[in-house]
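Next come the chains, spelled out residue by residue.
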Amino acid sequence: MKAIFQTLITVVIFSLFISTGLTAGDWKQFRGDATNSVTGSENLPIELSGSTIAWKAELPGRGLSGPIVVGTDVLVSSSSGYFQDRLHMLCFDTRSGEQKWHRQFTAIGRTMTHEKMANATPTMASDGRRVVAFFSSNDLICTDLRGRLLWFRGLGSEFPNASNSLGMSSSPVIVGSTVVVQVESDAEAFACGVDLATGETRWQLERPRAANWTSPSVINGKTEETSLVLLQSSKGLTAVRPLDGSIVWTFEDGASTIPSATVANGTIFVPSNGITALQTDGKEVTKVWNAANLAPATASPVVYNGQCLVLNSSGVLSAGDVLDGNRIWQLRLRGPFSSSPVVSAGYLYAFNESGTAFVVLLEPDRGTIISELDLGEKVLCSPGIGDGGLFVRSDQHLIRLSRP
Amino acid sequence: MMNKRFDRRRQQVFAALLFSLLVAVPVQARDFRDAVDDAVRSLATARAGGKGSRENQQAVITLATAGEKSLLPLLNGFENATPEGVNWLRNTFEQIADQVRGSQKQLPAAELEDFILNVNHSSQARRLAYESLLLQDPGLRKRLIPAMLMDAGSEFRRDAVSMLLEQAEDASADAAVSLYRRAFSGAVHEDQVSKIAERLRAAGEDVSISQHFGFVTTWNVVGPFDNREEKGFAQVFAPEEELQNSAEFGMEYTGMNGPVKWQVLQSEDDYGIVDIAGQLENYKGSLMYLTSSWDSPVGQSLQVRLGTPNAWKLWVNGKLVFEREEYHRSTRMDQYIVPVELNAGPNLLVVKLCQNEQTQDWAQKYQFQLRISDAAGAGVLPGQAVAQNVYAEEDSR
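Taken in sequence, the protein lines are chains Y and Z.
Here my numbering is used: position 171 in the first sequence is 1108, and no number is missing along the way.
Here my numbering is used: position 46 in the second sequence is 140, and no number is missing along the way.
Everything labelled a hint here was simulated from the structure, so no lab data went into it.
Hints are supplied without guarantee of correctness; some may be wrong.
[What the hints assert, rightly or not] DSBU-like mimics (lysine-lysine), calculated; alpha carbons at most 35 Å apart, straight line:
1. 289/Z with 1172/Y
2. 199/Z with 1053/Y
3. 993/Y with 378/Z
4. 1053/Y with 378/Z
5. 378/Z with 1037/Y
6. 236/Z with 1172/Y
7. 378/Z with 1172/Y
8. 1053/Y with 407/Z
9. 1315/Y with 236/Z
10. 1053/Y with 289/Z
11. 459/Z with 1315/Y
12. 407/Z with 378/Z
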């Protein structure tokens, strides 16, 4: 009887473990909930093949925005029309790929982008109840998870010079009850915190007037009051309180204007003269090390298992030691990469621009390509992970990759 | 006796009920219409800055509860809606249309088609009605689009041009030229215009793209003035002071390299590009003033559409209408769209064009292109009056 009971307990625990593994977490904003491109225990496919493409759903227009996952919803934005002034928010079922809803809006701000970019370049963000879409035109739109509009901000018309003719790409982040956006260009630049409930501005911060394509990163505290949002620019990194925009500290050694900083275990890995590691006690910031030979191109760094992983402009994946920045290993993939790679359960998933997916096993002394899959479509977005699937979008399709 | 009294009583009750119904039904209907109208008005007047979003969320609930009866009022609400309001109205319309379709019902086809065909309505609202109806009536495109070649909405025009191009591909040479000519008359987008012009020119036809788009091709120019370290953008040089209301082209000024005089610069480019670097010289760290007069037969609301990779300021009749300090972040036709009010008679356009000192190959352009258009993007030439596009579909980009 005791043995049966023990077996039953084991089965229940195992089932819980498995089911937890299948439906681990959401991916509610650019580079995931913690803006670090890592998720814990999703049971993603390792051997990619045609049979791991669970479904493909058609998308309107174009977009470089990545998918986000909230429960069994996977959401993505697109832009269409001759002037890219049609803004689309779409929601699909994570399991079936069936479209749940599709809403369109009209851009108020300037929609011009470089032909490689699209108005729908920033990735959406969600707090689990609401979803915020942001576009290069600086239109900021909040709906509920059924596509019902809650508020609309035309930051492009409120600040008509805050635009970049090449396109804007900074994705919003949500911290507690605040949406933080960076709107930085040569002609006008600011960051602001917007009340997620009403769309009204809580604070606005003047920023360095220079083109900037980076996205804010988050150091999650126990509460919104103790969390920090990191605003990166060519000048460096600024940590602000999400509720009031007050500046807590600044790092002024300069930083990249394309790949964004990543936070792991309290250390900030900022693309600055290669990678510079910073540590903060919540009040001040200290430089720990700099590694010039860890030079991310467009993709943001990922930190996993003691390694800082960067993709350079030649498509080489480098792993540096998080303690001192020393390079541990390198692996040549086939670039170029516009998207940031993601990591789940010891494997890195990277999609190059021509649509080839790489699965790389991450080990202490090496990285090994386990499998590749040519999706046959251009991929410029960073993927999202959730509900047992890896979601990636091309211009034409939203695709779920998962174990058959 | 009792029966009579009972009958009379019953008659009184019946009369009272009838009266109540006669009075109450219109009152309820009026209340209902008022509630819908109020909710539509709330959405249509949505303000910038997210103000009033909670009230608008309530208005959406009111309209969604009213269901398909809200659809036409929502479309009518586009007429004087703010840009934010257009998006509230559109989202509510889409929610209700989804509800209707979800309950296996049809959208009110006749009413929507009437709305689409009434060109006095907002182009955006007509397009929304069209695309919604198209889902349940795929034949709508063939039925409506051919008559929309000169529509106030650029998307309708684009579709009509596409249909003509499809026909031209299969037509005989003479018929194709005729079809291309018709298509050209309605085309407002660069890709379609350039394709049609190529076909017509190949057939030996004379086509002026710059005239079609309404490019301003003749300019008086003076410079270079000093813009080293990009400081000239904010600095007011002598021509800038003098050109606010009238142009005197006999003046001589002190430029960055010595005395400078006005000279005429003519663009021969299909897309009206005035190329300072190519036609004059790529003076690094400099700026130029350019001016042109544009005659309008009446006072009218039009658009200045400008493209340049350089920093610029634009004055119309002495009023600064837009300025932008951005260098070498790409350029294209219609890069900036600026709504302007033009006077009857001559209107003075003044452009301040700034070049910086970047040395990269991709940072050497010193040029701009400027045209006058209506709200749909159709070119307007000096001397032309345009029927007012009350419901302008495209804002400043």
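Each hint tested on the structure:
Taking the CA atoms of residue 289/Z and residue 1172/Y, the gap is near 45 Å; set against the 35 Å cutoff, the hint is violated. Between the alpha carbons of residue 199/Z and residue 1053/Y the distance comes to roughly 41 Å, so the proposed pair goes past 35 Å and is violated. A threshold of 35 Å between alpha carbons decides the hint, and for residue 993/Y with residue 378/Z the separation of about 51 Å lies outside it, so the pair is violated. Between residue 1053/Y and residue 378/Z the CA atoms are separated by roughly 29 Å; this keeps the pair inside 35 Å, and the hint holds.
A C-alpha spacing of about 55 Å is found between residue 378/Z and residue 1037/Y, which places the hinted pair above 35 Å, so the restraint is violated. Proximity of residue 236/Z to residue 1172/Y is assessed by CA-CA distance (about 56 Å); at most 35 Å being required, the pair is judged violated. Only pairs whose Cα atoms come within 35 Å are accepted, and residue 378/Z paired with residue 1172/Y is accepted, the gap being roughly 26 Å. Annotation: proposed proximity of residue 1053/Y to residue 407/Z holds, straight-line Cα distance about 28 Å (limit 35 Å).
For the proposed pair residue 1315/Y and residue 236/Z, the alpha carbon gap of about 34 Å is at most 35 Å, so the pair holds. Between the alpha carbons of residue 1053/Y and residue 289/Z the distance comes to roughly 22 Å, so the proposed pair stays at or under 35 Å and holds. Our distance criterion of 35 Å between C-alpha atoms is met by residue 459/Z and residue 1315/Y, whose separation comes to about 31 Å. A C-alpha spacing of about 18 Å is found between residue 407/Z and residue 378/Z, which places the hinted pair at or below 35 Å, so the restraint holds.
Consistency with the previously given hints fails for numbers 1, 2, 3, 5, 6, ordered from lowest to highest.
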